[in-house]
Structures are given as C-alpha cells and as structure tokens.
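So the sequence shown is numbered by UniProt numbering: it starts at 1 and just counts up by one.
Don't take each hint at face value.
[Said to hold, decoys possible] Beta-carbon label-pair distances, calculated as ranges: (1) 229 / 97: 44 to 52 Å; (2) 239 / 452: 18 to 26 Å; (3) 122 / 435: 50 to 58 Å; (4) 34 / 360: 39 to 47 Å; (5) 7 / 276: 34 to 42 Å; (6) 121 / 43: 33 to 41 Å; (7) 370 / 460: 17 to 25 Å; (8) 100 / 7: 15 to 23 Å; (9) 360 / 451: 13 to 21 Å.
Since the hints were derived computationally from the structure, they do not count as laboratory data. Each residue gets a CB set at the ideal place from its N, CA and C atoms; glycine is no exception.
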Amino acid sequence: MAENRIGPYTIVRLIKEGGQGKVYLGYDNRLRRKVAIKIDRLPAGVAARRRALAEARKAAHINSPYVVQVYDLIKSAGHIALVMEYVPGVDLESLLQRRKLSLSSILAVGADLSAALSALRQQRLVHGDLKAGNVLITLDGSVKLTDFGVARHLQDDQPGTSTSTAALTPEHLAGVPLDLRSDLFALGALLYRLLTGEHLLLRELNADPGSLTRREVDIRPRLPVDTDVPEALLVLINSLLRLDPGQRPQNTHPVRGTLRTLQRQQPLHCLQSLQREAAPYFRPESAVDVPLDIPRPLRRRGRSSLEYSVAGRLWQQLRRLRVSTRFALAGLVVAGVGVPLALALEERPVRVHFEAAQVRLLSHQDIPGQIDSEWLMDLVYAAVESELGPLHVSGSVRPRAYYASLAGVEPRHVINTALRCDEVICAFSVTRDGTDGFDYRQATFVPGLPESAWAAVVSENSRDLFR
C-alpha cells in the first residue's frame with residue numbers, strides 16, 4: 001500500500017516518538033534488511049534548511065562501530081527522512097529506569113561514547129544532544145550513538161539552543177556555538193548520572209539551568225555511601241564538567257584513554273557486564289516485523305478449500321435453527337458457565353500506600369492554576385489504578401472504595417511523588433517501593449505547557465512504573 005511506504009522502504013511500525021520527530025521500524029525491500037526511519041520536519045528558513053540537509057549528508061559519511069550508520073536520505077517539500085541502521089537491543093534511558101549499572105558497565109558506556117564522539121569530529125560534526133535516550137545498547141553489549149537531529153558543524157555560527165534538558169551545556173545557555181567540548185560536557189553529565197543515579201541538573205544544580213554557567217561541579221560529595229569509584233574517574237568527570245570549555249579536555253583521546261585504562265583494571269569476570277545487565281530488558285523482536293511476501297492474487301482472491309472443523313460444523317448446524325431456539329441455548333450457556341466464570345475471574349484489590357506528595361513551586365509564573373498536591377495525587381492514583389485494577393489505598397489520597405478484608409494487610413506498593421518548579425524548568429519524579437523491588441521514573445519539562453501536557457507527563461511516568 002502506498003501510504004506505508006517511503007521510497008523503496010516499507011514502514012512496519014512506530015518505534016519511538018519525541019520532540020524531534022518520529023522513528024519507525026522499516027524494511028528495505030531491495031536488500032532484505034530492517035532499517036530505522038527517522039522523520040523530521042525541515043526548518044522553515046532557507047538557510048536553516050540547507051544546514052539541516054548538509055548535516056544529514058555529513059552524518060551519512062560517518063563509518064564507525066560506535067555510531068548508528070545512516071544509509072539513505074529522502075526529502076520532500078517539508079520533511080526529511082533519515083534511513084538508518086536498525087539496532088536491536090535497548091536504549092540506555094530505558095535501561096536506567098529499570099536498574100543501576102555496575103562500574104565496569106559505566107566505563108564501557110563512557111569509552112564507547114568517547115569513540116563515537118571521535119568519529120563525529122572526523123566529519124566536523126557536533127552531536128549537541130548527547131543523553132541516555134540517544135545511546136543504544138546492542139545485543140552483544142556494545143554501545144552506539146544515534147539521533148543527529150540537532151548535530152551541528154563545528155564551524156556553524158548558529159548557537160545550539162535546541163536540545164533536551166538532560167543534555168544542556170553552558171554553551172547552550174550562553175548562546176554560543178557548540179563544539180566537541182560541548183559534547184564532552186554532556187558526556188560528563190551522563191557519567192555523573194550513571195554514578196549517582198540522578199540527573200546533574202536536578203541533583204547538583206537544584207533544577208536551575210542557569211547554574212550551569214555559574215557553579216563548578218564536584219561529583220565526590222554526591223556519590224552514594226560505600227561507593228568504590230577510582231579516583232582517576234572522578235577527576236575525569238570533574239574535568240569534563242568544567243564551566244570554561246578551555247579547561248575541559250580539548251579532544252577525545254585523553255578521555256577515551258583514561259576510560260580504557262580503567263576498564264583494563266577491572267576483574268576478568270566483569271567482561272561483558274553491560275551485555276549481561278542489559279539483556280533482560282532488550283526489546284522483543286518478532287517475525288511480524290518483516291513484511292510478508294504474499295502473492296497478490298492469493299491476498300485478494302484466496303479462499304479456504306478445507307472441510308469445516310467440528311466447531312465449524314456445529315456453527316453451521318446452529319445457523320439452521322430458529323432465532324428463538326438459538327437465544328434459549330445461549331441463555332443456558334450463560335447460566336451454566338458464565339456466572340461461575342465471572343466469580344472466578346473477579347479481580348482482587350491491590351493494597352497500595354501513597355506518601356504525601358512533595359510539591360515545591362518556587363515560581364507560579366506560567367504554571368497552570370490547578371497544579372497542586374491534590375491535583376498531582378489524583379492523577380497518580382488514577383494512573384496506578386489503570387495498571388493494577390481495583391486498589392485498597394491508604395495515605396495521602398482519597399479512597400474510592402474500602403475493602404475491610406485488607407484493612408490490616410501490609411501494602412504491596414508504597415508510592416512517593418515529587419514536583420519541583422522554578423522559572424525555567426520543572427522536575428517530576430515518582431518512585432515505587434514494592435514487595436518485588438524498587439523502581440522510579442523522572443521527567444523534566446518547561447513550566448509554560450498547558451495543564452493537559454503536565455497531566456500527560458505525570459500519568460505516563462506513573463503508569464510506566466508498573467509496566
């Protein structure tokens with residue numbers, strides 16, 4: 001069908017949708033291989049459009065095992081489609097939402113990403129949006145950098161202001177051109193998160209992006225208690241996070257050298273630790289992701305030539321009965337089977353405790369008026385209920401039902417929520433401490449969004465705790 005094709009590529013399904021476009025799983029019918037197809041809207045201005053196309057062509061010339069390969073570039077009047085290597089596995093953001101990485105795995109991620117940045121530098125490209133969501137862990141445990149939606153030429157005189165909050169650098173906020181040292185700052189921020197478990201902007205700078213241009217960062221006080229981290233790694237991360245680009249490493253060689261040296265010092269049993277830690281969370285692959293090559297006449301005019309099965313013959317007999325007789329038989333089936341089945345399938349409520357929400361709105365400018373702790377807890381309650389079914393709740397929510405048999409039962413899940421906002425950015429976090437373990441979700445967004453967008457962030461992240 002024409003509507004599910006872009007040039008010679010068949011669109012199979014949506015993989016990911018974000019602020020910088022949609023990524024689809026596609027299939028190259030000529031080479032018989034899966035591809036990832038990222039569709040972006042082209043900028044309106046002629047000069048900006050030329051820069052975007054030039055960047056895409058530059059990205060297509062990158063040939064590195066640490067960078068997702070760009071195969072093709074298809075453009076229309078208002079859109080561009082990047083056809084890229086499809087990488088089975090899991091993205092680092094999804095992995096970090098489910099578990100903490102070992103030191104050996106953190107070193108592997110950092111070393112491979114520094115190699116990826118070296119490959120970009122050879123093509124005079126800056127990534128500009130290096131964050132966990134743009135890092136892919138492959139099935140063999142290697143790392144690939146993807147998504148060049150905001151990558152810029154090293155000599156581009158346009159400030160790189162379009163980026164995710166997780167990848168912000170002092171140069172973004174100062175409105176100056178980005179270069180390799182900007183990507184190295186973002187790498188340092190990612191390593192900070194891998195070691196501490198929290199975003200640099202949330203933990204160190206109190207959700208104030210302006211602090212990126214005012215405060216130097218020292219990771220040492222932020223490490224969890226009893227964390228054994230080599231001093232050389234801490235020195236490297238602090239150097240990557242220096243405010244002045246001139247005081248950061250000036251190329252990738254010392255960064256990669258330090259990380260590879262630390263990797264070699266790890267015990268032998270730590271080899272392939274990233275693959276082992278990521279494997280339980282790899283995206284499921286399916287044969288249905290390859291379009292079926294079915295002959296057109298068979299698709300349009302094929303009919304079954306087999307005899308009816310027992311069930312089929314029974315259905316044919318029922319069709320010959322009068323309508324009133326069929327209704328009488330249906331009533332007997334419902335009475336004899338339906339009621340016991342309904343009782344057996346009756347859902348049992350889940351015991352959940354909700355701690356009081358921590359809401360801190362330092363500025364009410366651009367914040368919808370209905371945003372408060374009660375609004376937040378109602379949304380979280382509804383999201384949890386949509387995933388678990390009926391709930392028996394306690395704590396800081398209004399119960400919608402009461403189950404006397406569960407009054408003295410320990411909660412299966414304890415939910416904590418927090419919402420913090422200042423003039424520039426908001427941060428939402430939700431945690432689940434349950435009998436099956438601990439999990440959390442975090443999201444950052446700008447305050448000027450409509451209430452529906454706030455609700456979508458809270459609901460989606462709360463539901464995701466139980467998926």
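Structure-based check of each hint:
no., hint, result
1, 229 / 97: 44 to 52 Å, "22 Å, violated"
2, 239 / 452: 18 to 26 Å, "43 Å, violated"
3, 122 / 435: 50 to 58 Å, "51 Å, holds"
4, 34 / 360: 39 to 47 Å, "45 Å, holds"
5, 7 / 276: 34 to 42 Å, "39 Å, holds"
6, 121 / 43: 33 to 41 Å, "24 Å, violated"
7, 370 / 460: 17 to 25 Å, "19 Å, holds"
8, 100 / 7: 15 to 23 Å, "42 Å, violated"
9, 360 / 451: 13 to 21 Å, "18 Å, holds"
The structure shown violates the earlier hints numbered 1, 2, 6 and 8.
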